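Respectively, the protein sequence lines represent chains A and B.
The first sequence begins at 1 in the working numbering and counts up one residue at a time.
The second sequence begins at 1001 in the working numbering and counts up one residue at a time.
Read the hints as simulated data drawn from the structure, not as lab findings.
Keep in mind the model is a prediction, meaning the values are calculated, not measured.
All residues carry an ideal CB built from backbone N, CA and C; glycine is no exception.
Incorrect hints may have been included.
As the list claims (entries may be wrong) - Simulated pairs of lysine to any residue, SDA-like, Cα-Cα distance not exceeding 25 angstroms:
1) LYS63/A / SER1052/B
2) LYS236/A / GLN1056/B
3) LYS287/A / LEU16/A
4) LYS63/A / GLY1041/B
5) LYS1193/B / ALA14/A
6) LYS63/A / ALA1242/B
7) LYS1193/B / LYS287/A
8) LYS236/A / ARG1224/B
9) LYS236/A / ALA1242/B
10) LYS63/A / LEU1223/B
11) LYS236/A / VAL1241/B
12) LYS63/A / VAL1049/B
13) LYS1193/B / PHE21/A
14) LYS1193/B / GLY70/A
15) LYS63/A / ASP1054/B
16) LYS236/A / PHE1039/B
17) LYS236/A / GLY1239/B
18) LYS236/A / LYS1193/B
19) LYS1193/B / VAL11/A
20) LYS1193/B / LEU301/A
21) LYS236/A / PHE1057/B
22) LYS336/A / ALA205/A
23) LYS236/A / VAL1049/B
24) LYS63/A / ARG1048/B
25) LYS236/A / GLY1042/B
26) LYS63/A / PHE1233/B
27) LYS236/A / PHE1037/B
28) LYS63/A / PHE1039/B
29) LYS236/A / VAL1019/B
To be verified - Some chain B residues judged to face chain A by a derived CB distance under 10 angstroms, without partners named:
30) MET1029
31) ALA1033
32) ARG1048
33) PHE1057
34) LEU1059
35) LEU1115
36) VAL1257
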Amino acid sequence: MEGTSSRWRGVLPAVLLAALFVYAAWPWLPFARAERNPPTIVFYGFSILADAFHDGIFPAFQKVWAAEGGGRVEFASSFGGSGTVTNQIVMGVPAQVALLSLESDADRLADAGVIPRDSWKRLPNAGVLNLTPFVILVRPGNPLGIRGFEDLGKPGVRVVHPDPMTSGGANWAVVAEYGSGFRGSPGGPAAGVAVLAGVWKNVVAQAASARAARTQFENGFGDALVTYEQDALFDKSRGRLRADVAYPPRTILSEHTLIVVDRNIRPRERALVDRFVRFLWSEEAQKVFVRFGFRSVRPELDAANPGFGSIADPFRIADFGGWKRARREIVEGVWKDRVMKATPNR
Amino acid sequence: MTSPSAPSAPRAAVPVGIVLLVLLPLILMPLSAIFIFAFRGGADDFLRVLTSRDAQFALRFSLLIAFATAAINAVFGTYTAYVLSRYRFRGKQPLGIVVNLPVAIPTVVVGTSLLLLWGPIGLLGRLLAPLGIQPMFAPAGVLLAHLFVTFPYMLGAVKPVLDEIEGTYEEAAYTIGASRWQAFRWVILPALKGGLFSGALLTFAHSLGEFGATVLVSGNLRLRTQTAPLYIFAQFEAGNVAAANAVAAVLATLSFVIFFFLLRYTERRGR
């Protein structure tokens, strides 16, 4: 026979369930909703940006917008590999503003008809928001004496590298390696191919993204990792970096391109989004980027971060004719067609 | 079931020991790692992370989706089970297999197929877009994915019970003039209570932990469509292990409570 005690036993789960539901639904209940839907900016960015935006840029802009009488503003954001973010935008995520690692990802969006061709070039600084050079992370004390991309081709060096097929950072890295040879002495295209081939002969792990490659390296895999300076500096500033940063004498400064997706911006959000985009190039925002380890598009601000290493010969993608040409001639033409085909064991 | 006899108590030590030994590296140690890493920064840090807006939103959003998924699939799943159990029709067997397929299909495939169907450039999504309807990258898309992925759990819990209920009670109800609905409401439903309860809890728990399909259809937007598992993954990716584990610990605790009730309920009914 079931008595009253067993009847009460059924009440506890019901009460718990009800409490759980009230907790979950609380912000959407009519009386709890004091501040109704503040305007929101939907921002997508490539992986290494998450902290700089979430902890630096967004709060700073919220203050600016409030001080200018705009009231509260919210950010909805998502961060992933640059290629992944680009694919998501093509598939139709409601991104209003996005920061991509590569300009060629912006080109892909234009190809898909998401944004007008070259629309980002009408933004300040041709859409480039911040920069960071490509560096080499090595084990503490640099036991293998790695000083540049040329050294990564030495016998016995195990290199962890992101995959250029999926990672924006890896594309920058490939051009950095090729450019390092190209601009060395004697230099020229043959030297560029030689350095690239040397590095890739020693690649022991290819990860889908720069972040994933770093995780492999952090877990003790390989002797060297090619990555963004920002990624290394930011870890260092938090005391998490258990590696040394080797600054190659010749390396590329990656330039990150901002795009605005007009079709996802409703007319009443226009002024807000425009103000946010303008804010990103302001001195205040650029200082935030420097604080989080990015180099500013205004070089005079870089002095604020003592962590930046010096590079004898930094170069840009423009030195190789821009991304369209570099992708065709270096990533496709050299890396994919010559280097990868010459290493049959992969 | 008879009460356990006295001599069986000491003899249980060996088999229980073996089970613990096997489960230790497989389940118990990884589970405790969640809690160890969640509290490594101290209780203050743990609370700070949990009360952050992102984490709060992710947890609430996950719970609401889980409630909705459990409620909707409780109705659809039970009805499907009822039809499959009580009616004879052509194609009944293939249909019975198809509705169970979501368990076997990789969740990533579920997400992709939903995108290709309902996404803004998908087969049906293209027709909806001009109407301003956009189910993907919105809570509706997450719900659709969870309904699909968890559908078989309700069915699996309810159908065996339905199959076992003697047809004679139902027929008796019809002979005294009950409609199909009345027979269902007063004869079948009371017998089904246990199955409904455990099916709904299973569905709820699975929805709470769903990742593969959600990551594709949600757009993974903080404060909009980011569920708790997506929040955990994003925090891991960003290297914030403590934040990831704090939310993971909450999910693990919730699941524990859910299965605790599930087990107690089924045990009580089993006696």
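So, going through the hints one by one against the coordinates:
1. LYS63/A / SER1052/B: Status holds; Cα separation ~19 angstroms.
2. LYS236/A / GLN1056/B: 29 angstroms, violated
3. LYS287/A / LEU16/A: This hinted pair is violated, its Cα atoms lying about 48 angstroms apart.
4. LYS63/A / GLY1041/B: 30 angstroms, violated
5. LYS1193/B / ALA14/A: 14 angstroms, holds
6. LYS63/A / ALA1242/B: 28 angstroms, violated
7. LYS1193/B / LYS287/A: 62 angstroms, violated
8. LYS236/A / ARG1224/B: The given pair, whose Cα atoms are some 32 angstroms apart, is violated under the 25 angstroms limit.
9. LYS236/A / ALA1242/B: Cα-Cα ~18 angstroms, so holds.
10. LYS63/A / LEU1223/B: 19 angstroms, holds
11. LYS236/A / VAL1241/B: 16 angstroms, holds
12. LYS63/A / VAL1049/B: 23 angstroms, holds
13. LYS1193/B / PHE21/A: 21 angstroms, holds
14. LYS1193/B / GLY70/A: 54 angstroms, violated
15. LYS63/A / ASP1054/B: 19 angstroms, holds
16. LYS236/A / PHE1039/B: 23 angstroms, holds
17. LYS236/A / GLY1239/B: Given that 25 angstroms is the threshold and the Cα spacing comes to 13 angstroms, the pair holds.
18. LYS236/A / LYS1193/B: Not satisfied, since the Cα-Cα distance of roughly 57 angstroms exceeds 25 angstroms.
19. LYS1193/B / VAL11/A: 15 angstroms, holds
20. LYS1193/B / LEU301/A: Violated: LYS1193/B and LEU301/A sit about 68 angstroms apart, past 25 angstroms.
21. LYS236/A / PHE1057/B: It is violated: about 30 angstroms lies between the C-alpha atoms, which goes past 25 angstroms.
22. LYS336/A / ALA205/A: Given pair LYS336/A, ALA205/A holds - Cα atoms ~16 angstroms apart, limit 25 angstroms.
23. LYS236/A / VAL1049/B: Measuring from Cα to Cα gives roughly 22 angstroms; hence the hint holds.
24. LYS63/A / ARG1048/B: Roughly 22 angstroms separates the two Cα atoms, so the pair holds.
25. LYS236/A / GLY1042/B: 22 angstroms, holds
26. LYS63/A / PHE1233/B: 29 angstroms, violated
27. LYS236/A / PHE1037/B: Roughly 21 angstroms separates the two Cα atoms, so the pair holds.
28. LYS63/A / PHE1039/B: 33 angstroms, violated
29. LYS236/A / VAL1019/B: With a Cα-Cα distance of about 44 angstroms, the restraint between LYS236/A and VAL1019/B is violated, given a limit of 25 angstroms.
30. MET1029: Violated. Min distance 18 angstroms.
31. ALA1033: 15 angstroms, violated
32. ARG1048: The hint is violated - ARG1048/B has no Cβ within 10 angstroms of chain A, the shortest such distance being about 14 angstroms.
33. PHE1057: Since chain A brings a Cβ to about 8 angstroms from PHE1057/B, closer than 10 angstroms, the hint holds.
34. LEU1059: 8 angstroms, holds
35. LEU1115: 6 angstroms, holds
36. VAL1257: Since chain A brings a Cβ to about 7 angstroms from VAL1257/B, closer than 10 angstroms, the hint holds.
When each numbered hint is compared with the structure, violations occur for hints 2, 3, 4, 6, 7, 8, 14, 18, 20, 21, 26, 28, 29, 30, 31 and 32.
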